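There are 2 protein chains.
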Amino acid sequence: MPNGKINAIVGQSGGPTAAINATLAGVIIGASKTEKIEKLYGAFNGVEGILNGRTCDLLELFKTKEDIDLLKQTPAAALGSCRFKLPKLDDPEGVKIYNKIFEYFEKNNIHAFFYIGGNDSMDTVVKLGEYSKKIGYPFYCMGVPKTIDNDLCGTDHTPGFGSSAKYIATTMAEILADCSVYTVKSVTIVEIMGRDAGWLTAASALSSYANGMAPDYIYLPEVDFDMEKFYCDIEKAFEKHPNVVIAVSEGARFANGTYVGEGTQSGAVDNFGHKYLSGTGKALELAVKDKFGCKVRSIELNLPQRCAAHIQSKTDIEESVKIGAAAVSYVFQNSGCMMGFVRSNSERYRVSCKPMLVSEIANKVKEVPAEYINDEGNNVTEACIKYMLPLIQGERKYLINKGLPRYISIKRPE
Amino acid sequence: MPNGKINAIVGQSGGPTAAINATLAGVIIGASKTEKIEKLYGAFNGVEGILNGRTCDLLELFKTKEDIDLLKQTPAAALGSCRFKLPKLDDPEGVKIYNKIFEYFEKNNIHAFFYIGGNDSMDTVVKLGEYSKKIGYPFYCMGVPKTIDNDLCGTDHTPGFGSSAKYIATTMAEILADCSVYTVKSVTIVEIMGRDAGWLTAASALSSYANGMAPDYIYLPEVDFDMEKFYCDIEKAFEKHPNVVIAVSEGARFANGTYVGEGTQSGAVDNFGHKYLSGTGKALELAVKDKFGCKVRSIELNLPQRCAAHIQSKTDIEESVKIGAAAVSYVFQNSGCMMGFVRSNSERYRVSCKPMLVSEIANKVKEVPAEYINDEGNNVTEACIKYMLPLIQGERKYLINKGLPRYISIKRPE
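Those protein sequences? They're chains A and C, same order as listed. When we follow the working numbering, the leftmost residue of the first sequence carries the number 103, and every step to the right adds one. When we follow the working numbering, the leftmost residue of the second sequence carries the number 103, and every step to the right adds one.
Hints listed in this document are in silico derivations from the structure and should not be mistaken for laboratory results. It should be emphasised that the depicted structure is a prediction, and the values quoted were computed from it without experimental measurement. Treat the hints with care, since some could be wrong.
If several chains are the same, the list does not tell them apart, and a pair holds so long as it fits within one copy or across any two.
As the list claims (entries may be wrong) - Capping the alpha-carbon separation at 20 Å, the derived lysine-lysine pairs in PhoX-like fashion look like this:
1. K504 <-> K488
2. K342 <-> K513
3. K499 <-> K416
4. K287 <-> K187
5. K466 <-> K198
6. K236 <-> K190
7. K416 <-> K504
8. K198 <-> K504
9. K165 <-> K141
10. K513 <-> K488
11. K466 <-> K141
12. K499 <-> K107
Generate coordinates for the entire structure from the input sequences, incorporating the hints supplied.
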């Protein structure tokens, strides 16, 4: 550790969430409280901002509680994001990139680095840590996870999941209410994000807390999708009520590994020669229409699933701030780690933030476990609901301007 | 008017909104306060419920403030809806239907009828009024409008529009934030409801109150859509920033009257022989991808636009309650009318509820007027924003259960 105070830098990477800025707020709060950090740089568009020197002074920009509160309620990534993957350490061309990064660090007395992002971001943390050792540069780095998908190992759950789950459960409850008003037979298929793990699709089951109504079936990528079974499921549901509502993951796959949505992507073109790219929901919509001839609608929840900040989970946002601040506390003792959540075994929900080895978290997918899926493979269990429910608790109070939640933006250098 | 107290009946009809139950709450409040009404029947699934005798006793069911509050925050139609159109008065077969309805009315001492719905519902109000005169049955009826589309004449705006507009503006602000995080060129196309009028699409402009960002362009059905102009617009936007965001109405049409979305509906089939039914957003997505080769995404806001009760406009809900209660106040003096809103000319936004002639309101479409659309035909004006802004004001406090807004359901007879 160099003598005296050092400077630190933070970046955001990967897809937007409704909570990634809350974690940034946590890092700012943590840095403002520690004696060790003088200045906290914000890198615009992640590593790209370090490479092209586009940064800002976050402790200078966020001096008031109001600005910190605005940051917490701003969706997406206030510093911008990137999908930049660092080259291998032994790549001769890559060395130029690493040199450029560490030149910037040295010039600005930067010896601590925080990266808020998904799997690729953790790869960046590890590589920068290793390179610093190679060149003997005093350097402390920490990854902070964010993904709405909740598919990282090691951590009990991921920051951002709770808010997306709350949005999905609330929207599903509204769709269920909407679909129940008519007496004519109908099937409504709601396609939910999560290519490899079904956590977000599972969250649609929480809709039952609005009014006892939940989707008739929930199909996750963890279970092989079977078309005949699917038709049987719908027939059974029609025996109970005329309006069938289904939640399906965008990642639903047949036993042979093909995605359910792939059928509609294979070669069909319109009269301009455009190839159709449809999704899982649309594919099932067409299949159900063909089989049952009833009214069918598919709904893709799309981007709002990951950026619907107007219905953040208070629990998620508070935890996201906490894990950002904890990253600052742990960075000097646990450099090269990634922060994660540990849930206590007590009956009352409680989590703490702990540094974890990146190897335990990144590059592996945490699927929805078997005990969270019912025997028929078309719904979730009570255990799954018990796991997810605490994560969507609490409503946030927003700073409002003319009927809309206010967002903050960080001014870019010219 | 018969001697003593009479009974009344209320039904809901047409597509769900986030405010139609608030209007039902208003009718219940109004009926509970007037001396003239003894009992308020609720007809399940509109006129269908009268025909098959499926009704409930609303004053008995909604005795507490909490239940009324729950009804206000419940989306869709708590009594269920229908798309039933009454036959013509001189239709010999139709007479059976009218007789059945009025037999039910007479048997239950029902002499007042409230119908909350769209254009077709107003047709029902008029026909029942005329038939009652024909048979000399003392009868008072009143229509109460609801449509998220805001396309009814006579009334300043429609109950339900404000909540949908608030949802669309908020969601658009979130999508704009989401799309701005990357530095690579992209076009995002958001398709918004409104087949014949562009009010809901226009509401996306209100997103600017979150953080100064609004869609680059807003295309309404009121302006002929021109593909070459559209491409030029995108090129111009790319000169300013890499992430272009567009709002387009599902009803956007070319000068020859064909819908923009029709191109992708004309004959293309997938490998199962399914005909593709795409929308305006998808059609433009394919066209932009073809023209610019950049990242393109289309988002269809779909059902949540009309049922997103978790972000109701407080103004809309209060007005929706008020117009329901006003319907009860006016029904005996202004039978056969439809309630509407009149906006005062004062600088401060104020509306009052007035009975209006059905002929002034129904069966005509109120389009977005020319002065609300910019000269280029690709955005809205300040005057349009000034008209819409008061309608989305105010945030509602919700009764919550385990992180979700609670809904109420009205038990159906066996």
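Structure-based check of each hint:
1. Taking the closest pair of Cα atoms, K504 and K488 come within 20 Å of each other only across two copies (11 Å); inside a single copy the shortest separation is 38 Å, beyond that limit.
2. When the C-alpha separation of K342 and K513 is checked against a cutoff of 20 Å, the pair qualifies only between copies, where the shortest distance is 16 Å, while the shortest distance within a copy is 56 Å.
3. In this homomeric assembly, K499 and K416 come within 20 Å of each other (Cα to Cα) both inside a single copy, at 9 Å, and across copies, at 15 Å.
4. For the homomeric pair K287 and K187, the shortest alpha-carbon distance between copies (19 Å) is at most 20 Å, but the shortest distance inside one copy (50 Å) is not.
5. Within a single copy, K466 and K198 get their C-alpha atoms no closer than 30 Å, and across copies no closer than 68 Å, so neither meets the 20 Å cut-off.
6. In the homo-oligomer, the alpha carbons of K236 and K190 lie at most 20 Å apart inside one protomer (13 Å), although the nearest pairing across protomers, at 88 Å, exceeds that limit.
7. For the homomeric pair K416 and K504, the shortest alpha-carbon distance between copies (12 Å) is at most 20 Å, but the shortest distance inside one copy (23 Å) is not.
8. For the homomeric pair K198 and K504, neither the shortest alpha-carbon distance inside one copy (49 Å) nor that between copies (53 Å) is at most 20 Å.
9. Within a single copy, K165 and K141 get their C-alpha atoms as close as 13 Å, which meets the 20 Å cut-off; across copies the closest is 60 Å, which misses it.
10. In this homomeric assembly, K513 and K488 never come within 20 Å of each other (Cα to Cα): the closest approach is 42 Å inside a single copy and 28 Å across copies.
11. Neither within a single protomer nor between protomers do K466 and K141 lie at most 20 Å apart by alpha-carbon distance, with minima of 34 Å and 63 Å respectively.
12. For a Cα distance limit of 20 Å, the shortest separation of K499 from K107 qualifies neither inside one copy, at 36 Å, nor across copies, at 47 Å.
Taken one by one, the earlier hints fail for this structure at numbers 5, 8, 10, 11, 12, listed in ascending order.
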